[in-house]
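S.K.: Sequence:
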Amino acid sequence: MPNFMDMLFLIVWLAGFLIGIRFLRQKLIGSQNFLFLTAVLLVSYALVFFHKTQLISDSKIVLLSLYLGSTAAASALLFFALEYVNRPVWFDLPRKVYFFLEPVISLGIILGLNTSGQIYPKPAATFWIWDYIHDFYVVTILFLTIIIVVSGMSMGIGALRRKTLFILIATFIPILPKVLGIELFFEPYTLQMYSFSVSGLVIGFTLFRTKTVDPIPFSRDLVVEQMREGWLLLDVQNRIVDTNPVAREMLGITSKHLYGSDAKTIFSPWPNIIRTLETGQELDAKGSFNIKDKFLYLHIRILHLKDSNDSMIGSLILLRDHSERRRVEGARQQARDEMFSLMHSIAGAASRSENIDDFITATMYQLAYSFSSQVTAVFLKDEELKDDNRFLLVAHHGINPDYIESLAFLDQKNELVSELLKSRKTLLINDVQNDARVPIFFGHKIAGSLLWVPIIAENDFVGLILLARESRVYSVDEIVRLETVAEQIGSFVRSDRRRDIASTLAERQRVIRDLHDSVTQRLYGLVMKTEAARLELESGKQFDPGEIVTDLGFNARQALKEMRLFLHNLQPIDLERDGLVIVLTRRLEAVEGRADVERNIDIDPTIHLSSEEELALFFIAQEALNNIIKHSSATAIKVKLKKARVNIRLEISDNGNGFDTKNSNQFGLGIKNMQTRAKKIGADLKVASNSENGTRITVLLRMK
Numbered sequence: 001m002p003n004f005m006d007m008l009f010l011i012v013w014l015a016g017f018l019i020g021i022r023f024l025r026q027k028l029i030g031s032q033n034f035l036f037l038t039a040v041l042l043v044s045y046a047l048v049f050f051h052k053t054q055l056i057s058d059s060k061i062v063l064l065s066l067y068l069g070s071t072a073a074a075s076a077l078l079f080f081a082l083e084y085v086n087r088p089v090w091f092d093l094p095r096k097v098y099f100f101l102e103p104v105i106s107l108g109i110i111l112g113l114n115t116s117g118q119i120y121p122k123p124a125a126t127f128w129i130w131d132y133i134h135d136f137y138v139v140t141i142l143f144l145t146i147i148i149v150v151s152g153m154s155m156g157i158g159a160l161r162r163k164t165l166f167i168l169i170a171t172f173i174p175i176l177p178k179v180l181g182i183e184l185f186f187e188p189y190t191l192q193m194y195s196f197s198v199s200g201l202v203i204g205f206t207l208f209r210t211k212t213v214d215p216i217p218f219s220r221d222l223v224v225e226q227m228r229e230g231w232l233l234l235d236v237q238n239r240i241v242d243t244n245p246v247a248r249e250m251l252g253i254t255s256k257h258l259y260g261s262d263a264k265t266i267f268s269p270w271p272n273i274i275r276t277l278e279t280g281q282e283l284d285a286k287g288s289f290n291i292k293d294k295f296l297y298l299h300i301r302i303l304h305l306k307d308s309n310d311s312m313i314g315s316l317i318l319l320r321d322h323s324e325r326r327r328v329e330g331a332r333q334q335a336r337d338e339m340f341s342l343m344h345s346i347a348g349a350a351s352r353s354e355n356i357d358d359f360i361t362a363t364m365y366q367l368a369y370s371f372s373s374q375v376t377a378v379f380l381k382d383e384e385l386k387d388d389n390r391f392l393l394v395a396h397h398g399i400n401p402d403y404i405e406s407l408a409f410l411d412q413k414n415e416l417v418s419e420l421l422k423s424r425k426t427l428l429i430n431d432v433q434n435d436a437r438v439p440i441f442f443g444h445k446i447a448g449s450l451l452w453v454p455i456i457a458e459n460d461f462v463g464l465i466l467l468a469r470e471s472r473v474y475s476v477d478e479i480v481r482l483e484t485v486a487e488q489i490g491s492f493v494r495s496d497r498r499r500d501i502a503s504t505l506a507e508r509q510r511v512i513r514d515l516h517d518s519v520t521q522r523l524y525g526l527v528m529k530t531e532a533a534r535l536e537l538e539s540g541k542q543f544d545p546g547e548i549v550t551d552l553g554f555n556a557r558q559a560l561k562e563m564r565l566f567l568h569n570l571q572p573i574d575l576e577r578d579g580l581v582i583v584l585t586r587r588l589e590a591v592e593g594r595a596d597v598e599r600n601i602d603i604d605p606t607i608h609l610s611s612e613e614e615l616a617l618f619f620i621a622q623e624a625l626n627n628i629i630k631h632s633s634a635t636a637i638k639v640k641l642k643k644a645r646v647n648i649r650l651e652i653s654d655n656g657n658g659f660d661t662k663n664s665n666q667f668g669l670g671i672k673n674m675q676t677r678a679k680k681i682g683a684d685l686k687v688a689s690n691s692e693n694g695t696r697i698t699v700l701l702r703m704k
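Note that this note's numbering has the sequence shown beginning at 1, numbered continuously upward.
Source of the hints: derived by calculation from the structure; they are not laboratory data.
Owing to the predicted nature of the structure, the values given are computational and were not obtained by experimental measurement.
C-beta atoms are modelled at their ideal positions from N, C-alpha and C, and glycine is treated no differently.
A portion of the hints provided could be inaccurate.
Beta-carbon label-pair distances, calculated as ranges [unchecked claim]:
1. N400 with F461: 26 to 34 Å
2. K704 with S495: 20 to 28 Å
3. D496 with G287: 44 to 52 Å
4. E487 with N414: 43 to 51 Å
5. T53 with I129: 29 to 37 Å
Listed below are the simulated DSBU-like cross-link pairs for lysine-lysine, each with C-alpha atoms no more than 30 Å apart in a straight line [stated by the list, open to error]:
6. K264 with K306
7. K27 with K52
8. K680 with K704
9. K630 with K704
10. K294 with K256
11. K27 with K60
12. K294 with K306
13. K686 with K643
14. K541 with K640
15. K381 with K413
16. K638 with K680
17. K686 with K638
18. K256 with K306
19. K686 with K630
20. K704 with K638
21. K264 with K294
22. K704 with K686
23. K640 with K630
24. K642 with K680
25. K256 with K286
26. K680 with K630
With the sequences and hints as input, model every part of the structure.
M.R.: Structure below.
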């Protein structure tokens with residue numbers, strides 16, 4: 001027997017179908033889809049009602065109506081939403097055909113079932129799989145409807161958004177039971193029927209309250225009329241039949257004198273257009289035109305209009321005004337020509353400057369001269385504060401010393417800086433004294449204009465340039481030139497910072513490599529020997545503890561020596577300031593002296609060497625001393641720098657274990673480096689080494 005809800009909804013949708021017919025007669029937007037939705041629900045409830053009263057015994061018909069009904073109801077909501085948000089063309093007739101595929105497959109599957117008189121049978125696995133596919137298909141249509149409604153809400157305003165909200169609610173209602181999983185507590189398809197019924201009621205309420213649909217806040221006619229391009233529509237006889245306000249303004253003709261006129265008369269000053277109209281060809285050209293003492297640079301296109309039979313029915317003339325762009329481009333080109341010498345000067349400053357501060361200072365003075373500015377300042381972003389837009393004053397000219405401290409840095413708390421950070425465009429203040437945003441210093445210092453130019457490199461706000469002068473306001477051409485200069489400054493600053501980063505990373509890698517090749521290896525060997533001794537102790541094996549301790553002590557001392565050598569190499573050395581004698585002495589005291597290595601230093605302080613010779617001899621001595629610390633196990637070192645008859649003699653010797661000079665792969669690269677440096681200054685390098693007397697390296701430099 002049918003229950004109360006079935007009878008109630010059957011009566012409701014019988015009334016809803018009649019109301020849908022009324023909406024259709026009123027030509028309300030979406031009324032056709034609403035009528036289709038009510039018809040689907042009415043048929044579904046009627047078939048269920050007749051089946052429960054045993055007027056229909058074949059349950060396949062009822063099951064088919066429920067399956068197809070849910071698909072049809074979801075599709076009705078989709079097309080209602082498309083029509084309501086003024087997007088019916090998104091699904092034209094060919095696309096609608098695809099919506100029949102799933103119902104046709106459902107029809108075939110259901111007709112092949114053995115239902116045994118029940119609406120929801122216990123079928124084969126194929127039906128269960130299709131049941132899930134069917135649910136997924138319906139939910140997909142509903143989610144697509146939600147997306148379309150949301151897009152309509154984003155494009156609408158006011159009442160339209162409120163009305164589309166009801167459609168959104170109606171679409172989400174059938175999804176809610178599936179999301180919450182409460183369908184299991186109802187008879188098969190019962191809750192689905194009720195959900196679409198509630199959706200239909202919400203849609204009916206929307207149409208009843210709306211009566212008519214507010215259009216999307218733009219129309220085709222509005223778009224065409226407000227095109228930035230001018231257009232003229234011609235018939236086959238080249239008479240003007242329609243145009244828009246932009247074209248009338250460009251041509252300087254009122255609509256009264258334009259409509260019905262021969263286009264060849266209007267465009268008589270332009271032979272190319274006349275010839276194109278006479279020959280029936282299309283045209284795409286750019287040119288300069290003088291219209292009523294007004295110079296315009298136009299892009300003109302003439303296109304043919306044809307009917308479905310490919311017969312020409314008229315022409316469309318499109319006019320795009322590039323005059324302003326041409327004027328700006330001309331100003332930029334002139335500015336580039338005028339600033340060639342300025343850029344040449346800045347490029348020269350970049351090549352001569354040893355650091356970024358020198359370059360910025362030289363550029364600032366060049367800007368002050370080229371643009372006749374009494375006040376010039378350059379601020380660069382503080383790289384130490386990555387997340388804070390703070391700019392430090394790095395160069396200035398014309399600023400009173402009393403105000404420099406207050407201008408030491410600028411941040412986004414400053415109103416002008418905040419505006420620059422947001423717009424990233426040059427900011428010009430015509431009257432400094434009458435603008436409340438200007439810092440008090442500028443109001444006291446000058447009475448003219450103030451210009452702020454952002455320095456941007458690779459979309460990163462690097463800094464800003466400040467210029468001020470009293471004589472006249474900065475022109476557009478000058479601003480263009482300054483923006484170009486700012487680009488070059490930004491590029492130089494970015495490149496300089498990249499070089500610093502690259503240099504830092506390279507130095508870091510060198511330190512890591514040196515540490516790994518020296519101290520790390522020693523410590524690793526020390527650990528291995530310690531582990532070996534521990535294992536021997538645990539195994540009870542007989543061994544000489546004194547030998548192990550001696551070996552461990554040797555490795556520990558060697559690691560300490562190499563660590564001191566490593567730390568010493570990290571310290572900067574100013575050979576030009578201190579001289580070779582002092583630098584070598586400090587090295588021997590800092591490294592060999594702390595390693596308890598006996599040192600014998602014999603250096604003639606009267607020896608005079610060129611900076612190149614001192615540098616080469618220092619690196620040779622350093623390489624030799626490093627090898628002694630790392631490899632020789634020496635306890636005594638001698639360093640001599642003496643004059644001979646015709647030579648200056650540098651000799652470094654030790655009492656270590658020496659090495660085979662014929663097979664010196666272990667020290668090959670170091671010896672080659674020493675030989676290369678000696679050769680550069682015209683010196684001879686000799687290496688003598690054996691296990692009994694240690695190693696002696698001699699450099700003979702001919703005196704000049």
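S.K.: Each of the hints needs a verdict: does it hold here or not?
M.R.: Status of each hint after checking the structure:
no. : hint                       : verdict
1   : N400 with F461: 26 to 34 Å : 28 Å, holds
2   : K704 with S495: 20 to 28 Å : 41 Å, violated
3   : D496 with G287: 44 to 52 Å : 47 Å, holds
4   : E487 with N414: 43 to 51 Å : 23 Å, violated
5   : T53 with I129: 29 to 37 Å  : 33 Å, holds
6   : K264 with K306             : 21 Å, holds
7   : K27 with K52               : 37 Å, violated
8   : K680 with K704             : 15 Å, holds
9   : K630 with K704             : 35 Å, violated
10  : K294 with K256             : 21 Å, holds
11  : K27 with K60               : 37 Å, violated
12  : K294 with K306             : 35 Å, violated
13  : K686 with K643             : 17 Å, holds
14  : K541 with K640             : 50 Å, violated
15  : K381 with K413             : 15 Å, holds
16  : K638 with K680             : 25 Å, holds
17  : K686 with K638             : 16 Å, holds
18  : K256 with K306             : 27 Å, holds
19  : K686 with K630             : 20 Å, holds
20  : K704 with K638             : 26 Å, holds
21  : K264 with K294             : 20 Å, holds
22  : K704 with K686             : 21 Å, holds
23  : K640 with K630             : 21 Å, holds
24  : K642 with K680             : 20 Å, holds
25  : K256 with K286             : 28 Å, holds
26  : K680 with K630             : 26 Å, holds
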